[in-house]
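Engineer: In case you want the letters, here they are:
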Amino acid sequence: NAGVTQTPKFRILKIGQSMTLQCTQDMNHNYMYWYRQDPGMGLKLIYYSVGAGITDKGEVPNGYNVSRSTTEDFPLRLELAAPSQTSVYFCASSYRDRGGSPLHFGNGTRLTVT
Amino acid sequence: DAKTTQPNSMESNEEEPVHLPCNHSTISGTDYIHWYRQLPSQGPEYVIHGLTSNVNNRMASLAIAEDRKSSTLILHRATLRDAAVYYCILREWNTGNQFYFGTGTSLTVIP
Chain W
1 NAGVTQTPKF RILKIGQSMT LQCTQDMNHN YMYWYRQDPG MGLKLIYYSV
51 GAGITDKGEV PNGYNVSRST TEDFPLRLEL AAPSQTSVYF CASSYRDRGG
101 SPLHFGNGTR LTVT
Chain X
1 DAKTTQPNSM ESNEEEPVHL PCNHSTISGT DYIHWYRQLP SQGPEYVIHG
51 LTSNVNNRMA SLAIAEDRKS STLILHRATL RDAAVYYCIL REWNTGNQFY
101 FGTGTSLTVI P
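Chains as they are written, first to last, in the numbering used here: chain W, 1 to 114; chain X, 1 to 111.
The following block holds chain W by itself, in its conformation from the complex (with noise of 0.2 Å):
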């Protein structure tokens, strides 16, 4: 029982280049959310999805593009990294309801901008 997984665990990009978070979650959840969290910081969340072709924009969306092609994957796009991108993001899904199903998450990508 996978849940939810992030690749890559780590990676280290230079201020101007591109790279795209993979997420997957194999619990055929409808909500997906990609959050990210600063050194001592708690989560802010950057973009959500409530089903596939459906998204929209979180708390702190500048700088980041998503898709939503299929129930199962949530990419993150980030098209021009700057410095102020380095953080730990994560994936997470939980079922359509009102309100009471939990969240699960990804472990995580640790992403350096230098």
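Take every hint as true, because none was put in to throw you off.
30 Å max Cα-Cα, derived BS3-like pairs, lysine-lysine:
1) W:K44 <-> W:K14
2) W:K44 <-> X:K3
3) W:K57 <-> X:K3
4) X:K3 <-> X:K69
5) W:K57 <-> X:K69
6) W:K44 <-> X:K69
Some chain W residues well away from chain X (every beta-carbon gap over 10 Å; in silico):
7) A2
8) R11
9) L13
10) G16
11) S18
12) N62
13) E72
14) R77
15) V113
16) T114
Keep in mind that the hints were calculated from the coordinates and are not lab data.
Note that beta-carbon positions come from the ideal geometry of N, C-alpha and C, so glycine has one too.
Since the structure of chain W is already known, use the hints to place chain X on it.
Structural biologist: Just chain X, lined up with the frame of chain W:
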């Protein structure tokens, strides 16, 4: 986005009960109260959630005030493995089911 307020840090002796408070005065009638914890260098993990009534599971208990403007996560016997950051979150289902995390409470367990 509905906000929660938690103390930045708390300490507890090992094997003693811990009461972690959370204020959510702007909660609406359809918001669920969720608690997560994050162990060092790990992703957050689910602890417990509730709507109106108190809840118990194998990890903890959740006590919800009658007016729902506050809640308390109760760890019945703290162990060293419970040292983590604990987040209290409101799940706002009627605004897209976002989960907004605050800064949480960092719990230190003293042996």
